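Chemist: The lines below spell out each chain.
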Amino acid sequence: AQSVTQLGSHVSVSEGALVLLRCNYSSSVPPYLFWYVQYPNQGLQLLLKYTTGATLVKGINGFEAEFKKSETSFHLTKPSAHMSDAAEYFCATTSGGSNYKLTFGKGTLLTVNP
Amino acid sequence: SAVISQKPSRDICQRGTSLTIQCQVDSQVTMMFWYRQQPGQSLTLIATANQGSEATYESGFVIDKFPISRPNLTFSTLTVSNMSPEDSSIYLCSFRGLENIQYFGAGTRLSVL
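One line per chain: the protein sequences are Y and Z, in this order.
Heads up: the first sequence runs through residues 1 to 114, numbered per the numbering used here.
Heads up: the second sequence runs through residues 1 to 113, numbered per the numbering used here.
The hints are simulated quantities; they were obtained by calculation from the structure and are not laboratory data.
Here the structure is a predicted model, which is why all the values come from computation and not from measurement.
The beta carbon of each residue, even a glycine, is placed where N, CA and C say it ideally should be.
Below, computed lysine-lysine pairings styled on DSSO-like, alpha-carbon distance capped at 27 Å:
id, chain 1, residue 1, chain 2, residue 2
1, Y, Lys68, Y, Lys49
2, Y, Lys106, Z, Lys65
3, Y, Lys49, Y, Lys106
4, Y, Lys101, Z, Lys7
Distance ranges between label pairs, derived from CB positions:
id, chain 1, residue 1, chain 2, residue 2, range
5, Z, Gln28, Y, Met83, 34 to 42 Å
6, Y, Ser28, Z, Glu99, 17 to 25 Å
7, Y, Pro40, Z, Gln14, 24 to 32 Å
8, Z, Gln41, Y, Glu64, 22 to 30 Å
Some, not all, of what chain Y presents toward chain Z, calculated at C-beta under 7 Å:
id, residue
9, Gln42
10, Thr94
11, Tyr100
Input sequences plus hints: build the corresponding full structure.
Modeler: Structure follows, in structure tokens:
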């Protein structure tokens with residue numbers, strides 16, 4: 001069974017600083033990995049995904065994540081935080097194929113200070 | 001990608017009553033899902049809804065409490081029955097797109113008094 005661990009339930013950065021949100025996964029088969037963002041009072045929006053191929057994936061709003069199999073990690077980064085990045089971020093995984101069920105991490109709340 | 005809309009966006013209900021949440025996709029999709037997000041928590045899958053068959057419920061969720069309909073390939077409803085304050089949550093629907101990507105509605109914010 002898949003599982004996802006997000007380290008840090010709350011991350012606070014200054015505007016313009018590097019954003020790093022951590023996600024580690026556990027899977028017995030090659031995983032599909034996703035980052036979703038939830039802005040206040042909104043649903044989930046897909047930021048980026050890794051399925052196969054290039055391990056560095058770029059998403060919307062300047063975010064990117066790198067799949068590192070040796071570290072079982074899929075950390076989310078952005079070089080320079082913007083106030084509008086303040087939101088809840090969820091890492092999720094599925095094993096793909098006929099296993100369509102998403103397993104979510106507990107989420108990381110990102111606050112951006114002026 | 002397809003657009004998914006959900007209503008109501010929020011509601012305040014009395015205990016013991018029921019609320020039906022609607023989810024509409026603007027194209028035909030095979031699999032739709034219903035999730036619950038309790039305050040300060042992550043998403044928990046309630047059930048998977050395929051058109052033409054009974055919904056498949058996850059452990060801890062039962063049809064009597066959360067009946068689901070899937071009358072066609074673009075629409076689904078979730079009913080939260082005999083509500084109690086513990087049912088206060090955000091309820092989200094989603095559908096499965098290509099590469100197992102799930103696309104989510106904006107959610108229904110439910111408060112039970």
